[in-house]
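All chains should be modelled from the sequences, with the hints used to inform the complete structure.
Heads up: the protein sequence lines correspond to chains R and Z, in order. Taking this note's numbering, the leading residue of the first sequence gets 903, the next gets one more, and so forth. Taking this note's numbering, the leading residue of the second sequence gets 69, the next gets one more, and so forth.
Calculated directly from the structure, the hints in this document are not laboratory data. Ideal placement from N, C-alpha and C gives every residue a C-beta, glycine not left out. It cannot be assumed that every hint is accurate.
Stated by the list, open to error - Per the computed footprint, the stretches of chain R lying under chain Z, defined by three or more beta-carbons under 8 Å from a beta-carbon of chain Z, are:
#1 962-969
#2 998-1005
#3 1147-1157
Read off the chains here:
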Amino acid sequence: MKLKEFIKRRSVRSRDSINGWIWLAPSFIGVAVFYMVPFFVIVYYSMIDNPIQGNFVFLDNFVALLQNRAFTTAAVNTLRFSLIAVPLAVILALALALLLEARIPLKSHFRTFFLSPLMVPVASIVLIWQVLFHFDGAINEFLLRFGVDRLDWLQSEHNQLVVVVLFLWKNLGYNMILFMAALSNIPRELLEVADVEGAGPLYKLFAVKLRYLSPTMLFVTILSLINSFKVFREAYLLTGNYPYGGLYMLQHFMNNIFRALDYQRLASAAVIMAVAMVIIIAVLFIIENRYGKDVEG
Amino acid sequence: MRQGRIIGRTVLFLLAAVFAIGFLMPTVLTVTNSFMTQSEIDANYGMIFESARPGGTTYVGDSVNLKFIPDRVSFSQYETVLFRSPEYLLKFWNSIRLVIPIVILQVGIASFAAYSFTRYQGKLKNVLFFFYIILMLMPYQVTVVPNFIVADWLGILNTRWAIIFPGAFAPFSVFLLTKFMRRIPASLIEAAKLDGANEWQVFTKICLPQCRSALYSIAILVFIDYWNMVELPIILLPDADTQPLSVYLATINAGEVGIAFAVAVIYMIPPLLLFLHGEEALVEGIMHSGSVKG
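So this is what it looks like as structure tokens:
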């Protein structure tokens, strides 16, 4: 009797799991064909000397890549951009969300305005960006009026700043919505208790709200970090394939080796970046697990 | 006390207004500038793009004047784009032919996968779901290499399929839709099961209708992501004829500036229309994307 029941339950479960794989199959097969299998091939490519002879050289390609000036420059530039842009993207988005939480008129319109850049293709507004930031452009004209020397925004180290502004313009709205969702999840009673006990607005912000927002802050940080690695798009549309100095990003480097079709370098660069990303993501997950748990968002 | 609050609110309102102007200005300026005549553009912005222009026959101003409103509203740039330069319309058509299939395929395939991740959870499934998340977080620099190699094997490099196929299986929709489906009360599904519904019926009669606004918002997010694409076409579609407008726009900036403004405006119309129509769904979708873990 018991055995029969056991077998029955067993068969239900295995039928269930076969069913589950059938539902997953279209997606899984596609992911396997277009992402997973070729990635293993890339790992193989990254460890041989060339595709014809196929001699196993293990880490030589990686060592060569890490000694390549173009690669290290691009990696440093990309990381430096992230270090500037990500904290700003988090703090300013939180400020916007708090601003919209205050009872001001036209609130929902402001939300629409702040979110609208998300929907505007970067390619459509780089033109006006060039008008604004050109050496003879509107921003310099404006600065001149206040006696500030004009800066060559796009052809100097300041070009990173221009792209940071563009990045923030595009991404703040999305992050703000995430913060607004988290703010509305803070239990009202908690804030009322704080009111009754005579807490000022600053105390409420730091002692109550920010504590509740910490998981969201981590998430927004992760998201902004990932987005900051994609900033090549803005840099490319503004300054083309060979930007001045600090805007030479990892994607520029990849484009150049794609043009040369150097499979070994392509493969080892992709593998190194994948490993770096996995490490970054793992660290962020560990942090989220440790600090994001005390309050459930 | 009361007065203080009113002052405080006014200050906050003004602050929000300043931000709003900053956020709207690039878009608004692009739109207003698209109604200028070519000669007005040359006079105002000639300086900037002079070096790139072939012949200097027109009057070029010696300084840059940022214009908010054109002296004379003219549709001549739009006329040129729509009736006299088929190449822009062709690139616009390229964008549509790339993006629409990706949106439909990605959301469709993802809805099956999300159903699987929702209804049949197991150890292996959880590992796989985690793998999807990591894949979703990978930047293009990493994923474009596998995409390129497969496109090369299949002989579809330089055709739009080189972008459509990887796009159709991109894990972003799977992740977000799974999060939405897991919010459907299990009792609803069990009740349907007791009434004799099979899996297909549970999927089509309960899960999909419950996720309607989620499907819409995910479709919008996927649409803008690919409408805006630059990295993939540069590498997978090096041939200029097949490129979408999002890449091609950058190359016409140097040439005919006046037209470029009009093309830029035309290119932002579809996503902006989607935004006006689906803003509520979109905001809800973004709100629920708020954590990497399920």
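Broken hints, by number: 1
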